[in-house]
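> Generate coordinates for the entire structure from the input sequences, incorporating the hints supplied.
Protein chains: 4
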Amino acid sequence: MSVNSFGHLFRVTTWGESHGPALGATVDGCPPGIGLDEAMLQVWLDRRKPGQSRYTTQRREPDQVRILSGVFEGQTTGTPIQLLIENTDQRSKDYSEIAEKFRPGHADITYWQKYGIRDYRGGGRSSARETAARVAAGGVARAALAEMVPGLKITGYMVQMGPHRIDRTRFDAGEIKYNPFWVPDATAAELWAGYLDELRKSGNSVGAVVEVTAAGVPAGLGAPVYGKLDTDLAAAAMSINAVKGVEIGEGMAAAELTGEANADEIFPGNDGQPVYSSNHAGGILGGISTGQDVVLRFAVKPTSSILNPRQTITRTGAATEIVTKGRHDPCVGIRAVPVGEAMVACVLLDHVLLHRGQIGENRGRIG
Amino acid sequence: MSVNSFGHLFRVTTWGESHGPALGATVDGCPPGIGLDEAMLQVWLDRRKPGQSRYTTQRREPDQVRILSGVFEGQTTGTPIQLLIENTDQRSKDYSEIAEKFRPGHADITYWQKYGIRDYRGGGRSSARETAARVAAGGVARAALAEMVPGLKITGYMVQMGPHRIDRTRFDAGEIKYNPFWVPDATAAELWAGYLDELRKSGNSVGAVVEVTAAGVPAGLGAPVYGKLDTDLAAAAMSINAVKGVEIGEGMAAAELTGEANADEIFPGNDGQPVYSSNHAGGILGGISTGQDVVLRFAVKPTSSILNPRQTITRTGAATEIVTKGRHDPCVGIRAVPVGEAMVACVLLDHVLLHRGQIGENRGRIG
Amino acid sequence: MSVNSFGHLFRVTTWGESHGPALGATVDGCPPGIGLDEAMLQVWLDRRKPGQSRYTTQRREPDQVRILSGVFEGQTTGTPIQLLIENTDQRSKDYSEIAEKFRPGHADITYWQKYGIRDYRGGGRSSARETAARVAAGGVARAALAEMVPGLKITGYMVQMGPHRIDRTRFDAGEIKYNPFWVPDATAAELWAGYLDELRKSGNSVGAVVEVTAAGVPAGLGAPVYGKLDTDLAAAAMSINAVKGVEIGEGMAAAELTGEANADEIFPGNDGQPVYSSNHAGGILGGISTGQDVVLRFAVKPTSSILNPRQTITRTGAATEIVTKGRHDPCVGIRAVPVGEAMVACVLLDHVLLHRGQIGENRGRIG
Amino acid sequence: MSVNSFGHLFRVTTWGESHGPALGATVDGCPPGIGLDEAMLQVWLDRRKPGQSRYTTQRREPDQVRILSGVFEGQTTGTPIQLLIENTDQRSKDYSEIAEKFRPGHADITYWQKYGIRDYRGGGRSSARETAARVAAGGVARAALAEMVPGLKITGYMVQMGPHRIDRTRFDAGEIKYNPFWVPDATAAELWAGYLDELRKSGNSVGAVVEVTAAGVPAGLGAPVYGKLDTDLAAAAMSINAVKGVEIGEGMAAAELTGEANADEIFPGNDGQPVYSSNHAGGILGGISTGQDVVLRFAVKPTSSILNPRQTITRTGAATEIVTKGRHDPCVGIRAVPVGEAMVACVLLDHVLLHRGQIGENRGRIG
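Residue numbers (numbering that gives the first Met the number 0), protein chains in the order written: chain P, 0 to 366; chain X, 0 to 366; chain Y, 0 to 366; chain Z, 0 to 366.
Hints are computed from structural coordinates only; laboratory data are not their basis. Among the hints, a few may not be true.
Heads up, the list lumps identical chains together, so a pair's fine if it works in one copy or across two of them.
Derived lysine to aspartate or glutamate pairs resembling EDC-like cross-links, with alpha carbons at most 16 Å apart [claimed, not checked]:
id, residue 1, residue 2
1, Lys-324, Glu-259
2, Lys-200, Glu-259
3, Lys-176, Glu-96
4, Lys-176, Asp-36
5, Lys-176, Asp-45
6, Lys-48, Glu-60
7, Lys-176, Glu-189
8, Lys-48, Asp-88
9, Lys-176, Glu-210
10, Lys-48, Glu-259
11, Lys-152, Glu-210
Fair warning: this is a prediction, and the values are worked out from it, not measured in the lab.
Here is the structure:
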């Protein structure tokens with residue numbers, strides 16, 4: 000019931016603010032005997048780390064993760080894993096402006112209204128820094144999945160930046176790691192670089208769409224009603240900062256399809272197991288995985304911190320104007336890619352454990 | 000942790016299958032002293048009831064709800080409210096086809112794979128009939144909200160059917176109740192009627208987009224990270240049968256906006272409280288309500304039961320073809336409108352209680 | 000988070016009041032494919048049923064349970080099982096006295112203070128009738144355990160009534176079913192009959208201690224800290240009406256032992272698995288089952304409804320006197336025996352599922 | 000659902016092992032605006048700290064707590080509070096014996112059977128060191144309670160050590176802090192000192208009973224069935240290491256009382272509110288607080304680490320003998336006193352928040 004936790008059996012609670020001494024994740028429910036060390040987590044954190052290209056914030060955080068518990072001699076023990084990341088790049092600067100003015104598009108105003116107290120030096124819990132803890136927790140989930148569901152592969156990438164969508168006919172997963180946008184399309188990468196440079200220089204920002212697919216997900220994960228695999232994926236994605244829309248498979252476009260066009264027809268595969276003619280469903284039928292690729296997409300709104308002056312009010316209710324200086328991401332969607340992957344990993348591991356708990360092995364045979 | 004429950008403090012567990020004797024909802028955590036009787040719930044169930052126009056399934060279910068507990072002398076007692084709806088229209092017919100063949104787009108195959116047992120006469124828990132229980136539970140939430148947050152108003156309607164979107168310049172909430180599509184646009188209603196008649200006659204079906212807005216939501220509901228108001232709304236919407244996409248405010252379109260265009264600027268209102276120049280955020284900033292209208296949208300895929308033959312397999316893994324005869328909705332999105340409203344009501348009441356539990360009254364003053 | 004639920008993966012929510020139309024349990028998380036029908040549950044309900052001897056309330060309730068969902072063709076489907084028991088013996092009588100006066104020892108006064116509304120005809124949710132729903136749910140748990148942990152055997156019995164404790168040297172489990180007290184000691188049964196007759200005639204009542212043992216519990220269930228098997232057993236027992244104390248193994252008497260006396264020494268058994276010299280621990284070490292008998296005991300306070308007049312106040316705060324007439328159990332501990340068994344069954348099944356979820360099979364080998 | 004968490008709205012998750020780098024607690028759900036700093040927590044930790052008298056383990060841990068998040072400028076922010084305590088006194092010593100042999104009465108064997116991996120240098124999560132995190136979390140709860148329920152006072156003390164019970168006629172709360180046993184009876188303190196010295200020298204240990212009372216608890220906290228205040232107190236107490244029995248009010252002795260003797264009669268008090276003739280119920284009726292003192296008692300078994308050799312087996316299943324050398328508490332019940340207080344504080348704050356969430360203010364008036 001903690002409002003800072005997600006997951007059922009594999010349960011992650013993140014803690015920490017952007018300008019406190021540290022932040023982290025308390026990860027409970029990990030199976031024991033999973034090989035794990037800090038380097039295995041660091042590799043994922045390094046992908047999310049700021050300051051890796053001119054397209055992400057120049058805040059310099061090493062985001063070094065420490066494992067404080069739950070791992071012994073290189074293996075998980077089955078007890079809570081505490082992951083700690085220190086905040087190191089806290090420049091002393093003049094916070095008087097953002098302390099008194101609410102930045103439009105940020106949580107400043109609602110946070111203040113609700114709690115009546117917040118660390119005016121940054122976004123507190125609403126800062127994108129919180130997602131570092133998710134990525135660390137996702138690394139734990141990946142380690143467990145690697146041993147429990149060996150074929151499973153999670154891949155995140157951008158499919159849209161502002162008005163520019165990728166051309167799916169040029170999709171090349173091999174390209175993802177070679178460009179600063181995690182985009183599976185070299186042509187798009189080049190175009191987007193020019194586009195974002197311009198936006199960045201003008202002090203503006205832009206939104207994006209991230210897609211995460213999981214291949215090798217076994218059939219049978221999820222449940223028909225509220226414990227649906229897609230319900231938990233949607234919640235996980237919507238819980239990421241700045242996300243405003245979530246799609247499974249066809250997503251919003253499903254509204255435009257007819258039943259005839261939308262049906263993923265089923266055929267007997269070579270191994271006797273079902274194969275599908277298409278994957279409009281995004282790998283989930285009635286809340287339960289089909290064995291096809293699970294396809295999740297989410298839209299990230301443009302960074303709200305921009306150099307163009309915006310109208311706002313002060314804490315005393317006076318009208319004023321604000322310019323959010325500082326080191327910001329012109330497209331926060333970029334760094335949402337590893338975060339999206341991490342959330343998918345956590346949800347999948349959780350459902351693997353839930354399924355094993357209630358069901359054991361899948362009970363229905365085909366063929 | 001129940002996979003058939005949702006909500007934190009206002010917690011709803013639905014139960015029952017489409018072809019069993021009854022279905023219902025166990026509603027826990029309702030505040031005591033709320034005026035409630037069966038008629039107050041029936042009004043919402045009647046809106047969802049099948050067979051009200053030629054555009055919804057001709058299954059004849061009165062969907063009469065009974066309150067078995069938690070209400071005494073017309074008031075809630077604060078203890079669990081059991082809502083029971085009997086299944087009455089269970090025609091005896093030949094189920095041999097759907098017992099052996101998996102209907103594409105339905106949960107038949109995944110349900111079977113996971114559980115190894117299912118009531119072959121219908122969708123079991125995956126049937127849209129389950130949503131009757133949600134509507135009943137939503138009626139309880141509405142009754143509580145009516146007393147606790149008097150100004151709050153939840154309105155659901157369709158904004159898209161297949162390729163046809165409403166023209167927002169013609170938006171007229173007064174029209175919603177006068178057409179079978181809950182569409183706030185009389186011109187669209189006429190167009191859609193013709194469009195859907197044609198589809199229906201051809202044995203096909205189509206998807207839709209439903210929008211639910213909540214006006215009068217107080218600022219301060221939600222939390223910055225996983226207990227976000229939008230996270231819970233997204234989960235609630237995605238948990239509805241056939242939903243494939245969920246949006247808050249700008250939704251997926253947020254990806255196309257610049258930071259400048261997306262910022263909802265803030266001004267001092269007449270009463271000293273903030274007013275906003277726009278509502279791209281859909282009434283939620285950093286997971287916490289702003290006091291603006293909360294705007295949720297979700298896409299419903301086309302009904303998978305269609306008369307056009309589709310390829311599939313049998314339980315023994317043999318290739319075959321299927322035609323799903325029977326009484327089906329050509330656009331299941333229509334009946335998703337009252338369901339979406341019900342889910343929004345449940346989520347809002349839950350967050351009202353959560354907020355009161357942790358915070359009491361909003362603590363931060365403006366002005 | 001529902002305050003009317005217990006269990007993690009096997010989750011039971013009871014609902015209903017003593018004087019409403021019905022009560023029951025919503026049971027979620029049961030594994031699919033478990034053989035189950037109403038008769039299998041009725042056998043347990045019949046043991047708890049009132050009016051079976053002159054030592055229990057003469058209220059005549061058949062406590063007939065109906066399964067409304069979650070079972071198909073004699074097997075559980077893995078979806079929520081709704082268990083419904085109608086209240087039939089609701090005599091019309093004059094409730095004006097208990098409507099206005101708070102019965103000492105009952106929840107009347109606290110219920111009123113908290114909720115401000117209650118069904119003055121009985122105890123509402125605080126009535127012992129609520130435990131019928133637990134017994135029904137426990138029957139579901141027993142059915143699942145019978146298939147999943149075949150050797151497991153749960154046995155409840157009374158070990159103390161008022162000042163009279165059983166003589167453990169005469170312990171004979173075979174006697175339990177032959178006397179109205181579920182006491183494993185024929186001599187005690189006789190003595191207690193006379194003792195209770197006298198109390199009953201004088202309009203008084205008395206407390207009791209119930210013991211429930213579970214043999215054949217596999218080693219490894221539970222967790223070291225809050226998810227301890229004994230924590231959940233303690234909570235389950237304390238949640239039963241009128242229970243004031245809970246013990247595992249030595250229980251409160253552990254305080255009097257030295258470390259030397261309390262140590263259950265360990266020896267290699269014939270099959271290479273550990274055997275213990277004694278079972279002071281009650282089958283649980285560090286929250287995790289050892290494989291020995293799990294031993295739970297709880298004290299039930301005397302029925303608060305007695306014929307001897309007691310001082311109390313009215314709702315308006317005036318001093319008055321009350322005599323609680325009606326059909327009451329002189330020793331409510333008797334009917335707590337099947338309830339205790341049911342709770343133990345639910346907790347054990349829940350931990351079997353939790354263990355399988357996180358761990359799969361026990362990972363540490365001995366020998 | 001985390002097995003390392005407790006609480007509903009005020010939710011504490013502890014993490015860390017006795018021989019890892021650190022341990023701590025993640026505390027979610029604390030109301031915002033509560034004055035809090037490390038010194039306010041340290042005062043409680045210092046009471047639990049080892050090495051304060053010759054009657055507790057000579058392990059030298061400063062148990063210095065750091066607040067890593069959730070507090071800003073001396074006030075709680077309403078976001079998760081991370082409490083970290085470093086383990087500093089980790090002597091390098093020869094662990095080969097306890098690595099291979101299971102210590103009787105300890106969780107070594109069950110931990111190993113379940114998880115197949117454990118830190119052989121100590122008890123891991125089952126170590127009494129875990130309770131330091133509880134005491135820190137309890138300090139947070141106390142700070143919130145001090146502001147929200149000003150009159151509330153929680154007092155823990157020992158009432159029994161081995162065969163020696165306190166004489167209640169000599170009860171003097173003022174004595175508690177003047178002796179190493181937290182015993183409210185100076186005569187007992189003297190007697191116990193001699194008794195425990197002897198036991199300690201002989202390498203033996205002994206059990207104890209701890210009582211915790213809470214005065215000033217408002218009426219109305221709790222719920223009639225599973226969310227009972229006493230259910231949560233019982234679970235909280237039973238979750239403490241080495242606890243084997245839990246009592247509320249009369250506890251196990253309730254079994255011996257008649258209904259006449261057990262009834263707490265009710266009278267109108269001077270302020271129109273109810274007063275009771277006695278408190279057999281321990282301040283809780285039907286799961287809901289009455290406004291009287293809440294009285295919780297629990298039995299702590301004797302420390303299992305003793306110098307007298309005990310029979311056991313090795314991991315390979317061979318019979319052997321073990322002597323548990325090292326720095327152990329001869330009566331671990333002593334240090335359970337501040338732990339019990341902390342647990343009661345956490346449960347009470349949680350129920351204060353739950354009550355406010357569902358009910359707001361008590362709704363039923365008397366008079």
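> Look at each hint and say if it fits the structure.
Hints versus structure:
1. With identical chains, the CA atoms of Lys-324 and Glu-259 are at most 16 Å apart between copies only, with a shortest distance of 14 Å across copies and 52 Å within one.
2. In this homomeric assembly, Lys-200 and Glu-259 come within 16 Å of each other (Cα to Cα) only across copies, at 14 Å, whereas the closest approach inside a single copy is 48 Å.
3. In this assembly of identical chains, the alpha carbons of Lys-176 and Glu-96 never lie at most 16 Å apart, being 39 Å within a copy and 49 Å across copies at closest.
4. In this homomeric assembly, Lys-176 and Asp-36 never come within 16 Å of each other (Cα to Cα): the closest approach is 23 Å inside a single copy and 45 Å across copies.
5. Taking CA atoms no more than 16 Å apart as the test, Lys-176 paired with Asp-45 passes inside one copy only; the shortest distance there is 13 Å, against 52 Å between copies.
6. Within a single copy, Lys-48 and Glu-60 get their C-alpha atoms as close as 7 Å, which meets the 16 Å cut-off; across copies the closest is 36 Å, which misses it.
7. For the homomeric pair Lys-176 and Glu-189, the shortest alpha-carbon distance inside one copy (14 Å) is at most 16 Å, but the shortest distance between copies (51 Å) is not.
8. Within a single copy, Lys-48 and Asp-88 get their C-alpha atoms as close as 12 Å, which meets the 16 Å cut-off; across copies the closest is 35 Å, which misses it.
9. In the homo-oligomer, the alpha carbons of Lys-176 and Glu-210 lie at most 16 Å apart inside one protomer (15 Å), although the nearest pairing across protomers, at 38 Å, exceeds that limit.
10. Taking CA atoms no more than 16 Å apart as the test, Lys-48 paired with Glu-259 passes in neither setting, with 45 Å inside one copy and 25 Å between copies.
11. Taking identical chains as interchangeable, the C-alpha atoms of Lys-152 and Glu-210 lie at most 16 Å apart only when both belong to the same chain, with a minimum of 14 Å there against 35 Å between chains.
Checked against the numbered hints listed earlier, the structure breaks hints 3, 4 and 10; every other hint is satisfied.
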